[in-house]
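Starting from the structure of chain A, add chain B with the ligands where the hints point.
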Amino acid sequence: MTDHIDIIRVEGSTRHRAQKRFQLYGLLAVSLSLAFLFIMVGSIVLRGSSAFRQSFVQVEIELPADAIDPDDVRGTRFGKFLKQALRNKFPQATTQKDKKQLYKLVSATAEYSIREQVEDNPQLIGTHAKIWVRTSSDVDIYLKGYVDTDLDESKRRLSDQQLEWLALLQQENKIESRINTKFFTGGDSREPEQVGVLGAVIGSALSLLVCFLLSFPLGVLTAVYLEEFAPKNKFNRIIEVNINNLAAVPSIVFGLLGLAIFLNFFGLPRSTPLVGGMVLALMTLPTIIIASRASLRAVPPSIREAAMGIGASKVQTTFHHVVPLAMPGMLTGSIIGMAQALGETAPLLMIGMVAFIVDVPQGITDATTALPVQIFLWADSPERGFLEKTSAAIMVLLAFLIVMNLVAIILRRRLEQRW
Amino acid sequence: MNSIVMRENINTMIEHSDFAPENSIISAKNVDVFYGEKQALFNMNLDVVENSVTALIGPSGCGKSTLLRCFNRMNDVIPICHVEGSITLGGQDIHASNVDVVSLRQKVGMVFQKPNPFPKSIYDNIAYGPRIHGMTTSKAELDEVVEKSLKRAGLWDEVKDRLDKLGTGLSGGQQQRLCIARAIAVQPKVILMDEPCSALDPIATATVEELIDELRERFTIIIVTHSMQQAARVSMHTAFFHLGNLVEYGATSDIFTAPKDERTQNYITGRIG
Ligand SMILES: Nc1ncnc2c1ncn2[C@@H]1O[C@H](COP(=O)(O)OP(=O)(O)O)[C@@H](O)[C@H]1O
Ligand SMILES: [Mg+2]
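Each protein sequence line maps, in turn, to chains A and B.
If you want my numbering, it's the 1-based position in the first sequence plus 13.
If you want my numbering, it's the 1-based position in the second sequence plus 129.
In short, the hints are calculated from the structure, not lab data.
Beta carbons are placed, not taken as given, at the ideal position from N, Cα and C, and that holds for glycine.
Worth double-checking, as some hints may not be accurate.
[Stated by the list, open to error] Going by beta-carbon spacing under 8 Å, a handful of chain A positions derived as facing chain B: (1) 24; (2) 80; (3) 315; (4) 316; (5) 322; (6) 329; (7) 338.
Bound-form chain A, shown alone (with noise of 0.2 Å):
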């Protein structure tokens, strides 16, 4: 007989206190982050949900034969015709005062908006025409909910006598909401109803295009380098020393390093994705290098011990197995420190990114804005439009992050290989 052998649990001992108390002490510090991530896209989906949705409204316009010339429609100015129309909706604004605030009702690049679908439309010359425009931007802040009309008048953007006529303008249904699909196709505006992120994002994405084409074969051929062929001499170590100090450079550094050496010095276009990418890249690079150099040094030794055992050489070594092996690794490593320099804000207005620039960019030598800076023009704008643009705008930005990291992981379970 043996004797009794004793492996109960002991609930309740030191050592079993300690760790339920260290499991708890996880979920709780997991838990209050989730809380705070979740807090914080919450809030900015709430505001800036609603810039998703723009106000119309339908105005009947005079469109007189005589007064436009049908090859000519980008000549015609429609202000005149579109205030006519107001008018003739509202005859009862006869002071120069009312007839401001009614014209203030549609957005002030409304005549735009007819003249192009005048533009698209010829047909419509000569007509009584009803065209839809987009509201001002005070009006949609209203019809959204956002405008507290218990306060009084004086402290509010729409006075009684504008609320009166939207009011009117609501029961004949001749105020929509609709999808604002400007906001992905256009670019920046003066208006908050007619400001769009694509001029941004296109800005963006060829900075970072270019920030790729160079960081990342420089910071690869770096790495290799300095982790397979460097010897490892006094020298190196201050190079390896350096590198590492780099990354921690602010990066406000690096763009006052671009304004002086790449626009002041070469001359380089200012405001563009080229200087943009560039200046990225250099903030990046430390970044590459050293995800690179990691994931290099995870490469088991057993293979380049394989390899140079049948007698390849170094950089047959290297270049057939090694790199290959570790690419997954350092494609994470870049795609990461892009993400970082895609929210980058500071260096890009060193380099004059910051400009005002209404049009798209059609290549990496055109003037533009990035998305970060986009946001922070927005957010510093006095109009409360601006508001639901700038959190709509920290969305895209926050999609377009995902859409990387998304990459990242997919590249990484592609081209991962098991030893």
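Showing chain B with the ligands alone in chain A's frame:
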């Protein structure tokens, strides 16, 4: 380590390693190896007989791997490692300035302790060596080399239907035979094996041992092993090392039945290890 003991070792070593075969392919003369300040091999003299199996035995850390890696200059890649003395392959000094390490390693292949196939297809594992050395001119010729190498390594029947599958997906024993096939594919003269069976189960070990027995007709094999039985089974000659010295070297049967040195005797009877 006690340096007085070491002096003594060197003296006894000279006394016992008087085995000087005629038909030697590799010959080490007065080889000293250092890792930084630390000396790992002391005044090594060893002649390896052509087309035979030579076993290197001895306790851990006595320098067996170090010596093996001298023969194909794999120690070159360890920055702190420093080799002195002369090593000849077929009469040529392998440290001569006109020697191409790449050609040397083609002639002196190596199989490692842990099977290390490339994470590529079985076919590419074998084909890689002939490709980089430009040994074949056509795809058909390469196919033939792959087939022949796999057959010689006794692996052909097991893998002929899945040559495009990952080499790393094979079992441990198959992987090690794949590595042997990979070494054979570049037509070496000598194959160095560093404890090739230490990561394998007994059945896989037996298969590899049989393979070694067949290979010795074409190749000179130098095998480091921890297992006395294995040395006795596969080798013709055995060298016993202790603390960086060659203690005794001779026909395997002599070493195992009538060791001259007390340390050899202690080791093979399991008293030091
Ligand atoms: N890369 C290395 N750096 C420093 N010392 C080493 C290295 N490789 C081996 N040594 C030392 O050299 C001696 C012999 O090692 P090794 O040849 O691996 O022995 P064995 O293969 O007989 O077990 C050991 O003392 C070991 O610590
Ligand atoms: Mg060893």
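Taking the hints in turn, this is what the structure says about them:
no., hint, in the structure
1, 24, "violated (43 Å)"
2, 80, "violated (76 Å)"
3, 315, "holds (4 Å)"
4, 316, "holds (6 Å)"
5, 322, "holds (4 Å)"
6, 329, "holds (6 Å)"
7, 338, "holds (7 Å)"
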